[in-house]
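J.: Sequence:
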Amino acid sequence: MLISRTFRWLLLALALLTPLVTTYLLIERFSDIGLFGYIPTTSDKIMYWHQIATFREVGFNGGYYSIDEAPAPASFSRFGTKGPLFPAIYGMIARVTGWQPSTGLPINIAFVTLAVGIMLYATRPKIIQLIALIAFIASFWAMHLYLPTMMQEALHQAIAILLAPVFIMMTARRKVWSRRTFWLMVALILLASFIRGVTWALVLVPFFALDALNRGTFSLRSMVWAAIQASTLVIVAFIGFTRLSLPGSNFISTLPQASGLELFWHDIQINLTMFATVDKSPLENAQRYLMVFLVIVCGVSLIVMLRRWRGQALLVRGTWFAEALFHTLNLGGILAANFLLYDMHGWRDYRVMAPHVLLSALVLLFCHRYWLLALIIALNIGMYPQFRRAYPMSIPNDYPRYDERVDDFRAVFEQQLTYDPAQSNAWCNTLLLHNSQLLDSEIITVPPGIGLTVGFGPYPPEHRFLSQYLLIPQSHADSETYSRFERLGEVPSGVLFRNPDADCE
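Mapping of the sequence shown onto our numbering: position 119 corresponds to residue 120, and the numbering continues sequentially without gaps.
Just so you know, these hints were derived from the structure itself, not from any lab. As the structure is a prediction and not an experimental result, all values here were calculated from the model. Please note: incorrect hints may appear among the correct ones.
[What the hints assert, rightly or not] Estimated spans, in silico, between C-beta atoms of each pair:
hint, residue 1, residue 2, range
1, Arg349, Pro393, 18 to 24 Å
2, Ser480, Gln387, 31 to 37 Å
3, Ala337, His369, 34 to 40 Å
4, Leu273, Leu115, 38 to 44 Å
Every residue, glycine too, gets a C-beta built ideally from N, C-alpha and C.
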């Protein structure tokens, strides 16, 4: 008995440490930078890092992070196409921890570890479940690709882990929440959906459906009513998110225009093509096909059970009906949303859908569907060679260009770019730069408080910019468009200008 208890405590500790230990081993194996040598290297990572730095220093009072100087409808929200919540969460933590290029990694690890700890406390797993959990987390490549990076993914995977006990109780234990608890959870899910689009709002569909099922009101009418309630909240969340986020370069932002519907169909065709291209990105395809497989298995199970048993009979035939309903709606919903509203390429769908895969896998584990979880773990292990090739894209081996050029960038930016809290116009604390320059890690040396708005250009001579500062590539710096601007200095990737037309005090 004592040995068994000790072994269980060791497994609990190992489960908590698995994200950290696996990350450490992977970085040691594939990179020379160590746990604290990370530098943001791509546009999203650089933007997120700098947004957090700005929130840490000046809160909501910084410049704009936008595309082609398009502001959000809500005037206080200036933090890019994903809204202000993510930089606010990390920025508040950074006020305590400080903010260096690699600070995101320990915060990411802390979020995921804390979520695992809460899940373990809520679910009280058996030894076999702990062993399976450790194996799954250690091989869940979608987690390990992004844990060391300055992306949103670690936070969303922590949210998935926190949601797992909720749906485990609603499926395996057929939990019926009090109305106060029910609506509190709805509010928290809606809040999570404001971090990045409305992806988390989609889990309200299985949440409402399972609640109706567990209350013994399962019928076509109750399911339709649950879908209507959940869909209404999804729409409300989407409208709220669009008020807080700056317009993005996708078909949703162009729907009011004539090209919106055309772009919508064009995106669907591209997504279908990428989905059918099996050799383009095996790691991405493995996740997509796994989701389709699980949706088919669970969907067929639902149809068979609905044909075999009617009404109240479904409520007393074990928990598989509730589980299958959850997985079909959870995975099917996010899969459909990505097909219709997002991109099925460039790792975009991979990282957006991964938290939902994680959530379903944890529900499978704690509902004792070990054969399905074993299939997922086996697939993960089989995809290790593909993960090994993809990992250096997230964690480079070194940063020779950054080390050689960072002092040149910092000298110009710190001398010429000054955040001015007295400016009432946020564009006066904004630097416009070309999209290609967001591949330069040295951009993180722009002083916090100065927003980064991305321009795609080229711009005609009569174009009027809102931003006070512009960083123009060398190849365009001598254009007539910038002839009236004040040249402040040069960095390796372009020329820094001050815009005399900016409405600044």
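J.: When the hints from earlier in the document are held up against this structure, which numbers fail?
T.: Hint check: 2 and 3 fail, others pass.
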